[in-house]
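Protein chains in written order, with numbering that gives the first Met the number 0: chain A, 0 to 384; chain B, 0 to 159; chain C, 0 to 270.
Hints are not guaranteed to be accurate.
[Unchecked claim] Label pairs and their computed distance ranges (CB to CB): (1) C/GLY101 x B/SER33: 42 to 48 Å; (2) A/ASP104 x B/LEU138: 55 to 61 Å; (3) A/ALA207 x C/GLY98: 43 to 49 Å.
[Claimed, not checked] Here are some of the chain B residues that sit facing chain A, going by a computed Cβ distance under 10 Å: (4) PRO152; (5) GLY153; (6) ALA156.
Derived from the structure by calculation, the hints contain no laboratory data. Remember, predicted model here, so these are calculated numbers, not experimental data. Glycine included, C-beta positions come from ideal geometry on N, C-alpha and C.
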Amino acid sequence: MDVPVPADGPLLMEAAALAALHGALVGAGYRVIGPTVRDGAIILSELGSADQLPFGWGVSLEPGGYRIRRRDDTAAFGHSAGPQSWKQFLHPPREKVWSARRVADGFEVEAAGEAPPRLAFFGVRPCDLRAIAIQDQVLGRGEHDGSRYAARRSGVFIVAVNCTEPGETCFCTSMGAGPQAGPGYDLALTELVGDGAHGFLVDIGSAAGAEMFAGVPARPADHATEDRGRSAVADAAGRMGRSMPADALHGLMERSYGASRWDDVASRCLTCGNCTMACPTCFCTTVEDVSDLSGDHAERWQLWDSCFDLDFSRLHGGPVRSSPRSRYRQWLTHKLGTWHDQFGSSGCVGCGRCIVWCPVGIDLTEEVAALQAEEGQAGIGGEQP
Amino acid sequence: MSSSEAAGLADHPFLRGMSADCVALLGAAAVAVSVPAGRRLFDEGAPADKCWLLTRGNVALDLHMPGQRNLIVETLGSGDVIGFSWLSPPHVWQFGAETVEPTGAFELDGAAVTALCDTHPDLGYQIALRMLAAAVRRLQATRIRLLDLYGMPGQDAGPR
Amino acid sequence: MSLQAVPARYRVVSREAETRDTVTLRLEPVDQPIGPHQPGQFTMLYAFGIGEVPISISGGPGSGLLQTIRSVGAVTRALCEADQGQVIGVRGPFGTDWGVAGAAGQDIIVVAGGIGLAPLRPALLAVLAARERYRRVCVLIGARTPHELVFAGEVAAWRDRGADVQVIVDRAAAGWHGHVGVVTQLIKRVDIDPGATRALVCGPEVMMRLAARSLCERGVAPRSIRVSLERNMRCGTAECGHCQIGPLLLCRDGPVISYQRAAPLLSVKEL
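All chains, please: the whole structure from these sequences, using the hints.
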């Protein structure tokens, strides 16, 4: 059935209709993944029903700090920067690549083959939507067409949620990644809660989105309600607690290899790699070749890896980046600088997770400001590539 | 030396940048030589009283090892200087030298050059600077060889 | 992972011991061959149940896949011990090539240090196969000792085909009458026209830096010098992030890059 994408304004649905949307997705064969409260955090998990969304839960964020808290409303998406991002579903932490078994004159190899599940992402924040697009560029384009990432990605249905309430550590605005969702969603919701009402503006982003939403109770939004929703998102853009000079970052990173600031951050950084695990765009992996005790069966597994790991840059008996200073520098100059050279965009979406989930609270926006200040003084001496 | 040989001396890389006057002085202590392959220029332990500015060919510096033929420690060619031991006591060759190919050089008489340098300090300074620079280049190359860049990584680690 | 994630099976046709610790394997595909390869590219070779390493392709197209391996760890040891008939895994080819095509009419100088001669060999063979296209062809090889020279048996043939080959060793052995010293000493004297020279340099990073510097001192332009960089490589397809050096992903943007691009990267410690 060909459902036209409505060209004139968003729809408005009651919060109660989330259940219908969830049901439509499940009915279409999707496994619905979304935020839910578990173990003192808001994590991403399979939702058995829309009730499992974190209604009335918010978070308090600070460098190195994360606590969930009760909100004084019933917002389902009044939170941000959870410990996970959608990359764990598109780019899994552990994945078998192939298995092989010894045969009479050699061995036989079999690519790991199960068809990926059809996933619906329910509640993708604009920063995370941009992060997915960035990982698409790294892992899913060009010569990676036909890759396992591409196969998982092609089936995903995305329900994005615009942000009306920045988290304390968010800075998506200055990175151009929010608080309004960019292209790439099938449906985008804007939550409106207050004065006894709880509903969502719904923007249709694709034919698949229109088709999925066709059975959900909704009506065209009236102008006042639409304005309220749009203004809430626009206002949020101006209420970020941090910002980054996005246009200056590529050049700043290129000129900063010899900065003394790296020594300062190295004295705090534990090289634990939390930032790389929490970051929605970090993509580095390693491979592990394992075999069983008989030696007749072998497998190759792909695992998340981190440039903070000492073994990451091992070469001829020693790591190239052995000092913590060099490893933190690698992470930041890649994320904000050389990512542009390699993939044509910044690697940072301003989600703030690295700030929250750093055990010592290193704040990359502060580090960037310090690097800019250092350059602004006598000038960076020493190494520059 | 003939005038063409004198011009050749002035053009030798070792003397690059030296004033014409100093080169002319040095010319009095220099003679152009042509040495066939396989000829010993000097032997370990013998009095060191010359040096050579090579213009063509190949010379091997060697050391006598009991039970083996002389082992080559370095080879030098066109543009190089051979012979440092004439400069300072005990004025005794520490290595031997043998031509590997037909070799051309300017042979400088050690005693004559020393006398010239004593009476002409500006020439002495120029010679000393150049000898030092050649020795430093040799030292740098030797350090690189000691790094054993083509060796096995981890070969110098202790027992496991 | 991309389509090149699964290894192709190749059988060892022959095994030649180059030196005490280095072996050249000639491989033939069991199933479909990997794609056509260019000089300078590498493959990921898999020893069943042990692991995978990046190894330079050391032969030209035709007569099988040639790979020269130095035994430095568990995987390379297993590959060096592979018998005729044994099956190993091959993924690739990966990376950029030496690119001599654009150097017609110029002098070609190949500077190899140790095992660095292996990835240079296909480029040299390609040049010698079209010898008339180039002016002088010089090959300067640095080796640890005379017994640790790879492809030693081919040097005479290269000379016959019009290459001026000079070998220099860090340490002589009894009976060695050739050059003794560092390969930069040969660069100082080699007969080339620096303004019309294409230089290909491969070996340990320190050796490449020094050789490239010597070539620049001779007047060869940095963009006419190509080096082959090495970093930790795991996937070979520029997806795992390990092969990064500054803005480059070496499995995709290298390992062969111009010295003009490489020099600033090589000068930053722990980049």
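Checked hints:
The supplied range of 42 to 48 Å is met by C/GLY101 and B/SER33, whose beta-carbon atoms lie about 43 Å from each other. Taken as a hint, the range 55 to 61 Å holds for the pair A/ASP104 and B/LEU138, whose Cβ atoms sit roughly 57 Å apart. Roughly 45 Å separates the CB atoms of A/ALA207 and C/GLY98, a value that falls within the hinted 43 to 49 Å. For the restraint placing B/PRO152 at the interface with chain A, the shortest Cβ-Cβ distance is roughly 4 Å, inside the 10 Å limit, so the hint holds.
Using the Cβ-Cβ criterion of 10 Å, the hint placing B/GLY153 at the interface with chain A is satisfied: the shortest such distance is roughly 4 Å. The closest approach between the C-beta of B/ALA156 and any C-beta of chain A is roughly 8 Å, which is under the 10 Å cut-off, so the hint is satisfied.
Of the numbered hints given earlier, the model fails none.
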